[in-house]
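Undergrad: Sequence:
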Amino acid sequence: ITPFLKDPNDPQTIYAGFDRAYRSTDLGQTIEPISHAFYPSVISIAPSGSDTIYGGSANQVYRTTDGGITTTWDRILYANVNTGEIVDIAVHPRDADLVAVAVSGGTNIWLTRDGGQRWEAWDQGLSPAPTLSLVWQDNDMESIYLGTSIGVFYRDKNSTDWIPFQ
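Numbers given in the working numbering equal positions in the sequence shown, counted from 1, plus 2.
Misleading hints may appear alongside valid ones.
Stated by the list, open to error - Distance condition first, Cα-Cα at most 20 Å in a straight line; then the derived SDA-like pairs of lysine to any residue:
1) K8 / V137
2) K8 / S43
3) K159 / D116
4) K8 / R22
5) K159 / W138
6) K159 / D142
7) K8 / R77
8) K159 / Y147
9) K159 / W124
10) K159 / G149
11) K8 / L29
12) K159 / N141
13) K159 / D97
14) K8 / D140
15) K159 / T114
16) K159 / E122
17) K8 / W124
18) K8 / E34
19) K159 / S52
20) K8 / T32
21) K8 / P95
Claimed, not checked - Here are the in silico distance ranges between beta carbons for each label pair:
22) Q119 / I71: 15 to 23 Å
23) P95 / T72: 35 to 43 Å
24) Q14 / N141: 36 to 44 Å
Hints listed in this document are in silico derivations from the structure and should not be mistaken for laboratory results. Just so you know, these numbers come straight off a predicted model, no measurement behind them. Note that CB positions come from ideal geometry on N, CA and C, so glycine has one too.
Sequences are here, hints too, so could you generate the full structure?
TA: Given below as C-alpha cells:
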C-alpha cells in the first residue's frame, strides 16, 4: 500500500511514496521527488519540524534532515531487522531524534534517541505477535502505544517492559 500523508506542520503539503518519496506543497497540483529511489512503504514526518523525514523500505530506514533538498537520504537502520519488514515509524512530537520503528515478523520494536546513530531493541515484555502501528503521546513521559494483532500495549521512559493497555 502506497504511503500517503499530510504534513503535520503545513496542511497544504502532502507526501507519497512510490519508487521514492514525493512531496506536493499545493495539495497535489504539482509534485516533486525528495529522495533517492528506495521504494518507501512507510514515511513519517517529524511533528517538531518538517525538515526531518524518515522513510522505511523492506528492512531499512532512511532519514533526511533537510526536507529532501538533498535527495540522497542517509540509511540509519539495517542490521538486526532482517526477520521482517518495516511496518511503522513513529517520531516523537517534540524530539525529531527520538524514533521508534515497528518491524513485522514477530514483535520487533527498535528505538533511537539520537536520530539513528544508535539503536536498542525495545520489545521487552511483548508476546510474539505481528506489530501494526506505533504512536507517541505528546508528553514528558515519552509515552508510546503499540498496536499489535493481539491488542494495544503501552510503555514510557520509566518502564522496563510493555504493558497491556486496557
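Undergrad: Quick one, are K8 and V137 close enough, alpha carbons at most 20 Å?
TA: The given pair, whose Cα atoms are some 16 Å apart, holds under the 20 Å limit.
Undergrad: Take a quick look at whether K8 and R22 sit within 20 Å of each other, Cα to Cα.
TA: holds, 17 Å
Undergrad: Keeping to a limit of 20 Å between CA atoms, is the pair of K159 and T114 held or broken?
TA: holds, 13 Å
Undergrad: Does the alpha-carbon distance linking K159 and D97 stay inside the 20 Å limit?
TA: holds, 14 Å
Undergrad: Range first: 35 to 43 Å. Now tell me if the beta carbons of P95 and T72 are that far apart.
TA: violated, 25 Å
Undergrad: K159 and W138 were given as a pair; does the straight-line alpha-carbon distance stay at or below 20 Å?
TA: Between K159 and W138 the Cα gap is close to 12 Å, so the pair holds against 20 Å.
Undergrad: Quickly compare the C-alpha distance for K8 and T32 to 20 Å and report which way the hint goes.
TA: Distance of about 15 Å is within 20 Å: holds.
Undergrad: Straight-line Cα separation of K8 and S43 no greater than 20 Å?
TA: holds, 15 Å
Undergrad: Taking only the CA atoms, is the gap from K159 to Y147 under or equal to 20 Å?
TA: holds, 12 Å
Undergrad: Quickly compare the C-alpha distance for K159 and S52 to 20 Å and report which way the hint goes.
TA: Status violated; Cα separation ~25 Å.
Undergrad: Given the hinted pair K8 and D140, is their Cα-Cα distance within 20 Å?
TA: Cα-Cα ~18 Å, so holds.
Undergrad: Is the hinted pair K159 and W124 satisfied, with a Cα-Cα distance of at most 20 Å?
TA: holds, 11 Å
The structure fails hints 7, 17, 19, 23, 24 (numbered hints given earlier, in ascending order).
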